[in-house]
Structures are given as structure tokens and as C-alpha cells.
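Based on the provided sequences and hints, a complete structural model is requested.
Number of protein chains: 2
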Amino acid sequence: MWYEKFGPMGDIVLSSRVRLARNIEEIPFGTKMTDNDRSLVIDKCKTALPHLKFIDLQKMESIEKLALSECHLISPEIANSTHICGLLTNDSCNLCVMLNEEDHIRIQAMCEGFDLESCLKAANDIDDKLEETVNIAFDSRFGYLTCCPTNTGTGMRASVMLHLPALSESGDMEQLIRSLSKLGFTVRGIYGEGSQALGNIYQISNQVTLGISEEETIQKLKQVINEVIEKERSVSRMTFENNKLYLEDKIMRAKGLITNARIMSSSEAMNLLSYVRWGINLGIINDINLETLSEALYQSLPANIAKKYNSATPTERDLKRSEIFRRVLVTK
Amino acid sequence: MWYEKFGPMGDIVLSSRVRLARNIEEIPFGTKMTDNDRSLVIDKCKTALPHLKFIDLQKMESIEKLALSECHLISPEIANSTHICGLLTNDSCNLCVMLNEEDHIRIQAMCEGFDLESCLKAANDIDDKLEETVNIAFDSRFGYLTCCPTNTGTGMRASVMLHLPALSESGDMEQLIRSLSKLGFTVRGIYGEGSQALGNIYQISNQVTLGISEEETIQKLKQVINEVIEKERSVSRMTFENNKLYLEDKIMRAKGLITNARIMSSSEAMNLLSYVRWGINLGIINDINLETLSEALYQSLPANIAKKYNSATPTERDLKRSEIFRRVLVTK
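Residue numbers (numbering that gives the first Met the number 0), protein chains in the order written: chain A, 0 to 331; chain B, 0 to 331.
Errors might be hidden in some of the hints.
You can't tell identical chains apart in this list, so a pair holds if it fits in one copy or across any two.
[Said to hold, decoys possible] Pairs of lysine-lysine, DSSO-like flavour, derived with a Cα cap of 27 Å:
1) Lys243 with Lys306
2) Lys120 with Lys219
3) Lys307 with Lys243
Hints in this document: simulated from the structure, not taken from any laboratory.
Okay, structure coming up:
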């Protein structure tokens, strides 16, 4: 899948994403919607975007939906929704229109690595196509109208997923999160809660959607992300230079454990994969590449395992997880 | 070296040893000895045992003596002695006569695996040879006279070094130690103190030297050791059957760590080597054999590393130790 691939700044940036929130003028918003309204949203969008494949999420197994949301293809909200809802997606799954999520329409364009412009272009193309046949709720003063006022304006949330092991290990992350928050950006751990994100994977996105254009938002976010990348690289270099032996030891122990264990929890795996990824970037590990590692990461997520292997119990999943690592990560 | 080889019952028994304490009639014992007395002991024994090589321990580097005692070739007491003392040994170092240890003469015969009879025969041969020219202190009622009364009689201590991971892990070890003690046998951890021996390696030996013959002592010890071996094997089988996955996980994690780490303390190493050894015996690990493992164990002991690599600081030793494991244990 695209999200396992190595993109621009792929040493640190896993993926980029632009999401546009849209609603249809003549249909009630959010909790006011009836099932008829929801069906209408789906019909209109299917007609407007015939080149995309429609997936009826109500007919999809719950575990399959969770697996999609673990890979960030759909939101956890729509994965858990009991309403009429659906998905329009392209073959490579890097373009995904969620129907009847919080808003009627949420266009998501994603790519591997750091390339927000391509995402914005792909999302805008879908938006333009939609507007040819669908009346999108738009106010000349406020911009796009959305269910929640925090999205009103551009309706855009641009975000970048980064792996920041050096900043996490050095303890710089909390300070960074506070600074970025003051500048109007949100930082959150992608997996797990709290300031120490599971696997040291963070998502940085814009908070503001009002009084600023899409392009300007993306320029500002790009600038901030570039600074974070530079900071991560420099702290990583410094950590390596000052504590070469100890860092090498941690990284090689992580590799030893992940390629040999027979049972492994998801949180332990995320932690070890983070060290292995760091080790690849530092040139300490040479027989695993970043794409193989991403493949291992996504394949080993709980719902993805449960879906693929029909593994019901956590122990069975922990067993399958370590099997995956030995198959994917061990060089023959 | 002989102690790295695989002998009878080598899955569990690392080595066997018989030690005979002897003293020379006309020379004062223990603390009553002068330097002249000590030199006399050495002269008499050198003359009596001309086929053995003499090593002057006072001229040997302290780190070299510690390395010999780590491999159990000489006692820690004589390694740390500041008196005139020495060693008579054969080329393969499985026969070793310590001069001016606690007693004038301590004959040690050792072998890989479980074979106390061979050890007794080798020690007796040296004893016979000695008695041809040296007056050994012997009392018709008490037997051989020794510095400490706990050795008087046969002057013999027979001991077997065993690796008992299953009994240690199951918690049966403490009970076993108490029972054996009541039967007149001593159990102690070979490396480290306390009931949980470092590396789960234990030495079982006879306590009693008075009122019992050498042969009878050895028969009794053999019987007890055979029971311990049987118990270890059966608990190991049971643990494996009942907790296959968890045991496999622990063993493979140990292998992953020991073959990948870059810094490793001696106590962590002993613990991991114990699991790897257990894994070889259970057939879980197939690409390392027991002799290779013993080689790794002895090479990685602190004084042996310090001697070989001139590594002074603990950190340097911990670094060399992990280098040794990667070189010796990783199959090319």
C-alpha cells in the first residue's frame, strides 16, 4: 500500500494528508439528519464522483473498518459509526471521500512522505468535481460551512505524520508541543495517548481554518515541519555522537528482540520498531529498509492482524505479530 | 580447554571434580608455617611429581590468577594469596596440584561432564605418586590430617557443576538445597551469591569426610546427582509442555539480546546464556551447540576478558563481552 512506501523526507516523515470538510446546502447537518438525508448524501456523491469506488461501511465487518482506521485510511469515528455511511475511494486508496462522517463529505488525500501540495491538489480536484453537480454549503463571509465551527472557513486540516525518536528520547518533545500549539498547530501521538506517543510517531496539523487560505496554511505548516525535521535530525546526530555505544546497544537490542521474540504486544512492538527505524536512519542497521519496516508496522497493528488471521484473542494476536516480524524483517 | 567440552550428561552437567587435601608430616600446618616451610612444600612436591609443570603463582599477574580461578582451575583463595604458593599442572590443565593453599597440598582432578570415578582415579594416581617420596600426614584412626577438621578423614571433596534452569525457574531449587543439605551434601551457586545462582549454575558436593570411604562418598554423590538430573529433565519437559510458547519466547528473546547487544554486564550475560543453553537442550535453538556456548561463557567472564584484552574499566569489559558473543555465537 502507498503508506508503506518511502516518500520525500521519508527518513522522518511517514505520510502527509489534506482533509477537506464539505456539506451539501439543502441537506440538514449532523444530528439533525435523518436516514433519508444520509442516503441522499451518498447518492449525490456517488453520482458526482463516478470514477471512485463506493464502499458501504454498514455492510463492512467491524474488524475490517478498524483495520482501515489503523492505517489512517478512514477516521475512527466513521469506523465505529452505526449510521448509514460510506466511502468513495480510488484503487490505490490514497484518495478517500468519507460520506456521513461528522460532515456530509470529508475528502481525504494522502501520500507517502512529505508532500502537502500534492495532497491539496488531489483533494481540490475532488472538491471541484463535486461542486460541478452538488451544491456545497458556502458562505461568502465564513467560507465553507461545517458541522463543527472549528472547521468552518477552509474546512481544511492538513497534517503530517512524523517519526521523532531523538526528540522524544531527549525530552525535547513536550517543549516542542507547547511551542507549536502557541503557533496554531496541534501535535498528537498517532498511536496511544499522552506526551510520549507510542512508537514516537506524531501528527502535526493546523488548528486554524478561518481567515487564512488553504495555500497559506500549507506554507506555514510546511515551514514548521521543516524546522521539526531539522531539529530531529540534529538532535539525532548529537545523541549518536555523544552516546554512540549506548544508542547502538539500544537499537541492536531492539532488533534482536523484534526478530527473535515469539510473543509481542502491540505497544512493545511500536517501541522496538521505533528504535529499529532510528537505527536504519543512523546507518546502524543495514539489512532492513524503511519500506520493509513500514510494512511490518502496519501489518502488525491489532485490527489488521485480527482481520487477516481471524485471530480473536490478544494472545493469538501477540503470537501472529511476532511471526510477522520474523517473516518480514529477517533477511534470509 | 577441557571445561568447554561436552562430557557425559553434558546437557546438564558442566564438569566433575575430585579434590584431595594432603599435608606433609614434618612441616607445620597452616598459620604456623614459615616461608621456609612453604618453599620446602614446593620443593618436595616438584621432586615427587616431575611430570607436572610448575607455575610460581607469586610471579603470576593477579588478573591471570583471577582468570584461572573463574574457570575453576585454581581456588579463589590461592589466587588471592600473598604467600609463597604454586601450582603443578598437566598440559591439558585438568589435573592441578595447588601448593600452600589452606593445606600443603590440594590435588584437583577435573573433567567435562559427569564422571567422578575418572576424577578420583586421576587424583589417586597423583596421591600415590606423592606418597612414594613424601611423608603424608595420616592418622590410623582419623585418616588424612588436614588444616581444617572439616576435611579430615578422606580429605576428599567431590563435586559436580550442574546447570539447573528448570528447577531454578520453577522455584524447586530452595527445597532441593534443603533436602540435599540434610543428606550431607552442599549446594552452592557457582557464580554469585544467594539461592538464585547466577546463570542457574550450581555445585553439589559432599560435606562428610570422616567415617566414610572415598568410593562410598562418590557412589552416594553420584546417586544424588542422578536424581537431580532426572528431576531437572522432568521439570524442564513439564515446563516446556505446559508453557511452550512463553518459554520459547523467553529463550528466543535471550538469544536475540545476546547476539545483538553492544554492551552487556556479566550478570546479564550469565542469565541470558542460561536461557540459550536451556533452549539448545529443548531443541528450540539449533544453530548454537553446547560447546560453543561454554566457550562463550568462559571467554566472557570478567577476569578472562580483562586478561585477554587488557580491558581495565567495567564498560570496556561489557563492550568486549558483547563482541565475544557476536563472534562466537552468531552463525555466519
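Checked hints:
For the identical chains of this complex, Lys243 and Lys306 are inter-copy neighbours only, at 26 Å across copies versus 40 Å inside a copy, given an alpha-carbon limit of 27 Å. Taking CA atoms no more than 27 Å apart as the test, Lys120 paired with Lys219 passes inside one copy only; the shortest distance there is 17 Å, against 86 Å between copies. Within a single copy, Lys307 and Lys243 get their C-alpha atoms only as close as 39 Å, which misses the 27 Å cut-off; across copies the closest is 24 Å, which meets it.
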